[in-house]
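Build the full structure now, drawing on both the sequences and the hints.
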Amino acid sequence: MTFIIIFAYIVVCYFEVIKLFKNNQRKEITLYLSMMIISLVISILLSIGVKIPSPAVFIQKIVTMITE
Amino acid sequence: MEEKAITYRQGVILIILFMVSSAVIFIIGIKAKQDVWLAIVLTMLFALPIVLMYERFLYLFPGKDLFDILQITFGKGLGKIISIMYIWFSFHLGSLVLRNFGNFISVVGLNETPEAVPLLCIIALSIAAVKYGIEVIGRWGEIAVVFLIIPMIIIVILLIDSMDINNLKPILYNGIKPILKGTFAVFAFPFGELVMFSMVFTTFKEKGIPKVYRKGLILSGILLLIINLTMILVLGVNIAEIHYFPSHETVRRINIGDFIQRIEILVSLIFLIGGITKVSMCLLAASKGVAKLFNFKDYRFIVTPIGIMMVNLTILSYESVMEMQKWTAEVWPYYSFLFQAILPIIIFVGVEVKRKMVKSI
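Protein chains in written order, with the working numbering: chain A, 1 to 68; chain B, 69 to 429.
Keep in mind that the hints were calculated from the coordinates and are not lab data.
Watch out, some of these pointers could steer you wrong.
[Stated by the list, open to error] Straight-line C-alpha distance at most 27 angstroms; calculated DSSO-like pairs for lysine-lysine:
1. Lys237/B to Lys22/A
2. Lys27/A to Lys199/B
3. Lys27/A to Lys365/B
4. Lys19/A to Lys283/B
[Stated by the list, open to error] One side of the interface only, derived from the structure: several residues of chain B facing chain A at Cβ under 10 angstroms:
5. Tyr127
6. His160
7. Ala184
8. Cys189
9. Glu203
10. Asn363
11. Met377
12. Ser385
13. Tyr386
14. Val399
15. Tyr402
16. Ile410
Glycine included, each C-beta is placed from N, C-alpha and C at the ideal position.
Set out below in structure tokens:
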């Protein structure tokens with residue numbers, strides 16, 4: 001499963017980065033790849049079954065703190 | 069940034085699709101019990117001034133979206149901080165809509181399918197739509213809205229037979245307080261979410277004062293009123309409360325001469341058409357914001373990573389349907405009120421003060 005995810009990410013990145021590379025947009029490539037790597041890490045963690053802390057719980061804590 | 073323009077008609081249609089989408093599968097403002105219709109009418113009144121503020125932004129800053137306005141009004145530092153908050157909000161709203169999709173499909177239709185599969189299909193479509201730009205989404209909407217309105221009319225007409233007017237009575241039985249609670253909930257979802265359009269709409273083909281928001285608000289409000297009234301009339305409050313997706317349950321009851329039956333797929337169709345628009349709008353707003361934040365000219369290159377991140381957030385944020393429903397009922401109204409009412413008012417005051425100051429100089 002993990003390999004399929006990594007493969008899919010590489011395919012998507014390949015097609016999109018080539019377009020940016022031809023236009024020589026360095027900054028765009030940096031931002032694109034850094035965001036892709038973050039989401040790749042999250043996807044792999046999810047596929048292994050690691051529990052990632054949800055932002056919903058965090059928001060809930062803040063809201064209950066303010067309303068009470 | 070090279071902006072493509074849409075017409076007023078397309079703008080109104082996009083607002084209708086956006087509003088009707090995920091609100092169609094729930095009864096919005098169920099806290100008001102049988103007086104849901106009163107809550108919706110009240111919300112339309114309360115939402116009107118806020119919507120007029122967005123219209124004023126459109127009129128004052130033609131060709132600029134909310135992120136530009138923030139940077140012009142509050143300067144680079146504070147403007148970027150508020151921009152980040154709005155980027156997070158649109159990103160999160162998109163993931164919530166996707167989550168509704170996942171829940172609806174897994175509860176109603178495909179029970180055994182992993183949740184990621186329908187989500188990936190939908191987000192792929194949205195990414196493609198956003199990459200083509202607002203103009204293409206607008207033209208698509210003009211065709212799609214037909215497939216949204218006609219099933220709705222068919223459903224309402226076929227259900228007239230099983231309606232019971234006693235389900236609406238007694239009016240104002242518990243006093244005004246539950247209605248105000250319901251109004252608050254309806255404002256948070258879906259009326260206040262119109263703030264998303266202040267980040268999306270920039271230029272229109274026609275000249276003159278844009279009246280897109282008020283027309284869209286009134287038309288979609290009427291549609292939502294009809295849908296919710298139908299659901300309450302057919303099911304009654306007590307049954308409607310226990311279902312996660314009451315409209316699916318409502319349409320299931322259609323049975324005309326043992327021939328026209330099981331047409332609940334129409335609800336899925338309506339939800340799908342509207343939902344894709346909603347996800348696309350959120351994705352468009354988020355990617356525009358990120359591009360503006362880092363001073364890029366074009367937003368198109370960043371759409372795919374944000375879309376995939378949205379799916380990730382969708383999968384990790386809630387564990388079950390119950391958890392999500394509880395969260396949206398208890399936390400969402402208060403949390404979204406910051407973005408839907410408080411911040412827009414602050415921005416509006418800032419814009420007006422700034423205009424006065426600049427003129428006096």
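Hint check results:
| no. | hint | result |
| --- | --- | --- |
| 1 | Lys237/B to Lys22/A | 67 angstroms, violated |
| 2 | Lys27/A to Lys199/B | 19 angstroms, holds |
| 3 | Lys27/A to Lys365/B | 12 angstroms, holds |
| 4 | Lys19/A to Lys283/B | 41 angstroms, violated |
| 5 | Tyr127 | 33 angstroms, violated |
| 6 | His160 | 7 angstroms, holds |
| 7 | Ala184 | 9 angstroms, holds |
| 8 | Cys189 | 14 angstroms, violated |
| 9 | Glu203 | 21 angstroms, violated |
| 10 | Asn363 | 9 angstroms, holds |
| 11 | Met377 | 5 angstroms, holds |
| 12 | Ser385 | 5 angstroms, holds |
| 13 | Tyr386 | 6 angstroms, holds |
| 14 | Val399 | 5 angstroms, holds |
| 15 | Tyr402 | 5 angstroms, holds |
| 16 | Ile410 | 12 angstroms, violated |
Violation of the numbered hints given earlier is confined to hints 1, 4, 5, 8, 9, 16; the remaining hints are satisfied by the structure.
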